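Chain residues, written in single-letter form:
2 protein chains.
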Amino acid sequence: MPTRVMKFGGTSVADPQRIRHAASRVAAAKADGDRVVMVVSAMGDSTDDLIDLAKKISSKPAKRELDALMATGELASSALSAIALEDLGLRACSMNAYQCGIRSDGEFGHARIDAIDRASMERKIDGGVIPVIAGFQAVSPEGDLTTLGRGGSDTTAVAIAAALDVVGSGGCCEIYTDVDGVHTADPRLVPEAPRLTQITYEEMLELAVVGAGVMHERAVVFAQRYGVPIHVRHSQRFELGTMIQKETSFMESIAVIGCALKSDLGRVVLKGLPASADTQGVLFGAISQMGILVDDIIQNDSDQITHKFIDLSFTVDHAELPEVKIAVTRVLKSMGSGTMDIEIGLAKLSVVGSGMRHHSGVAGRLFETLGKADIAIRCIMTSEIKISCLIPQEHGKSAIRLVHAAFGLEQGERVTIERQLGRV
Amino acid sequence: MPTRVMKFGGTSVADPQRIRHAASRVAAAKADGDRVVMVVSAMGDSTDDLIDLAKKISSKPAKRELDALMATGELASSALSAIALEDLGLRACSMNAYQCGIRSDGEFGHARIDAIDRASMERKIDGGVIPVIAGFQAVSPEGDLTTLGRGGSDTTAVAIAAALDVVGSGGCCEIYTDVDGVHTADPRLVPEAPRLTQITYEEMLELAVVGAGVMHERAVVFAQRYGVPIHVRHSQRFELGTMIQKETSFMESIAVIGCALKSDLGRVVLKGLPASADTQGVLFGAISQMGILVDDIIQNDSDQITHKFIDLSFTVDHAELPEVKIAVTRVLKSMGSGTMDIEIGLAKLSVVGSGMRHHSGVAGRLFETLGKADIAIRCIMTSEIKISCLIPQEHGKSAIRLVHAAFGLEQGERVTIERQLGRV
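Top line first, the protein sequences correspond to chains Y and B.
Plus 1 on top of the position in the first sequence (first one is 1) and you've got my numbering.
Plus 1 on top of the position in the second sequence (first one is 1) and you've got my numbering.
Simulated pairs of lysine-lysine, DSBU-like, Cα-Cα distance not exceeding 30 Å:
| hint | chain 1 | residue 1 | chain 2 | residue 2 |
| --- | --- | --- | --- | --- |
| 1 | B | 56 | Y | 125 |
| 2 | B | 57 | Y | 125 |
| 3 | Y | 64 | B | 125 |
| 4 | Y | 56 | B | 125 |
| 5 | B | 64 | Y | 125 |
| 6 | B | 125 | Y | 61 |
Hints listed in this document are in silico derivations from the structure and should not be mistaken for laboratory results.
Nothing here was measured: the structure is a model prediction, and the numbers come from that model.
One chain only, chain Y, in its complex shape (with noise of 0.2 Å):
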């Protein structure tokens, strides 16, 4: 009998109607006759609601207080998503994190889980109750509630289904949310762009971090250490969805199979730094202290022949940038050289594929298409499976469509190794 461990998101829990819509998708799994968990996110923006209460009554909450106002969100959802299914003549019971035995290494906000206690939901299970888990949330060592960051509460899934070992028993993790899986793009940018029915979690985490924002990223790690495949799907609709998985059957035979935009990006091109060991750990060190994170550096050594100078480039958030520039002043000053200049209104464009490790020519089918239509490339950074150009921002939409084109990914997964290489 398959396990299957059903997660719904915020918006699929948002109010009362949609709280019993989504115990009917897991009635109607448990008349399948599968062995079924529930595990539920905080109701529609409830989170930043109790964020926002805490943010009057003190600048600094403590994180440790934070993560204990929180984690009522998935608290109160766990307790009337089980009232749904009671009402459905179904046996439920909500669970939290000290019921379920969901341990973690105690960082408050960003906690890692360690353990889960899985003979408790198998004793409900076995028993005929459907277990609906708080996400989002674990028990420190010391006994305190820490929330597991953002999209947490797919973490906790994907680490129920780990537990529980939903693939040895032929089930999977089933994350329900508002979208309908993930597409060779998104929709609101590439209107034609397809749902893959399969994606793999390699591709998965360069989309997330390229901005396609299905999935949380930590949720996928997970995923992949423990094997536990993913389907992602919309609560509100019955086809299947796009299941994030180890493999794809498409993985060698097409190179490209999504791209993803991501705008709003400034650039800061330091030249001249000196070429001293900790440079870029004194540079870097500064910018994270504030808070800031730094999205792709580049390096390169601009003088080839005494070596004493280095030159790198680095991509933020437009929104960070004055900050970035109080910052990086400080650092050129305490270097004693060095200059920096700075580009707006740059946005990242990223192809995304398991085949390029087995297909050559994406990159200059790429450049090709961007080039054809005058759009100027600042920056390449590549990784096994990713080509990322920095162009213009204002091009940003023709160029995402252009590609999405160019690369035939309007077939989706049905395309050809020739169509995509501009070989037919």
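Fit chain B to the given chain Y structure using the hints.
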């Protein structure tokens, strides 16, 4: 060093500003060098809001889940209160029922506290940290959250005060609320009614039962059992309130310490019921099965010769009368004898005082006062320290003011027994 358990009710933590104010009260106590524990209710009407949400999902939400749901209100306010304390520069930590080992008998909706792990709180206090306890909840033997019923946070506070032996330390349990203490009558009915500085548990219970809603009955019973003095005081003002304790300094020297009025009562008068052993059981069993609380029951033998029939009457809230009628009609039919008369529009006026044990003449003075004002007494009920009369509701408000004046209660606890009994 005295230990003070400081409990703040829903109105006292209804919004961020009030939470900050409550925290400042706790901070002041801590600054005095006292050992402090804070206990909080859910914010304002949030418990009712949660119940409403559950009712939108199911007309009959499971009790277990309602408890898990309602408990989140206090969990949130304890975290927010700890945030407020830390913002004032103090060290504080919220504690839920799992963390401070508050164990219950497992009765959902009206659980009783069986045990508290005082060590968990003492470790915090000894380390200079203020524990902020989520009231109203306890963990069942199965590890589920159970709630203690309406007013349950008062019970939590009293139970913690008992566990921490506040009496032995020279402290007490302080209930911060939206009234300044217990008055000789409800000040909305009798504006001149002064606040009492002391009242006995017994007197408080008699007043609570007849409608003086300052303290929840169960918390007073708990305090009485464990000898915990309760200080009821206003959360926004700094004057002392009322101490609820075993004895008062004037309990033998004055007869009546307060009076109360309970309105909107109906009286059901039954005559000629069969005098069999199970008559009362069948009758009140049928009524209680409908979830109706019966107020007072008075029984007389109607038939002094054959002892074949009994007469009895009881009072219920006016709103319950239609259902009571249905239940009683059914019972009378099954018994084959008896008649029912219903009287509506009644109020119960009560005078309370431990001094009645030592002084006679209270009943006479009460009846005389009502008689002079031409207020008909429909029924009289007494306990050792209370006399109640059922009177027409239209006279209720004038009656309580007359009686308050007749016993000189505007002088509060400074009144003499001679003045009370009209001997001056």
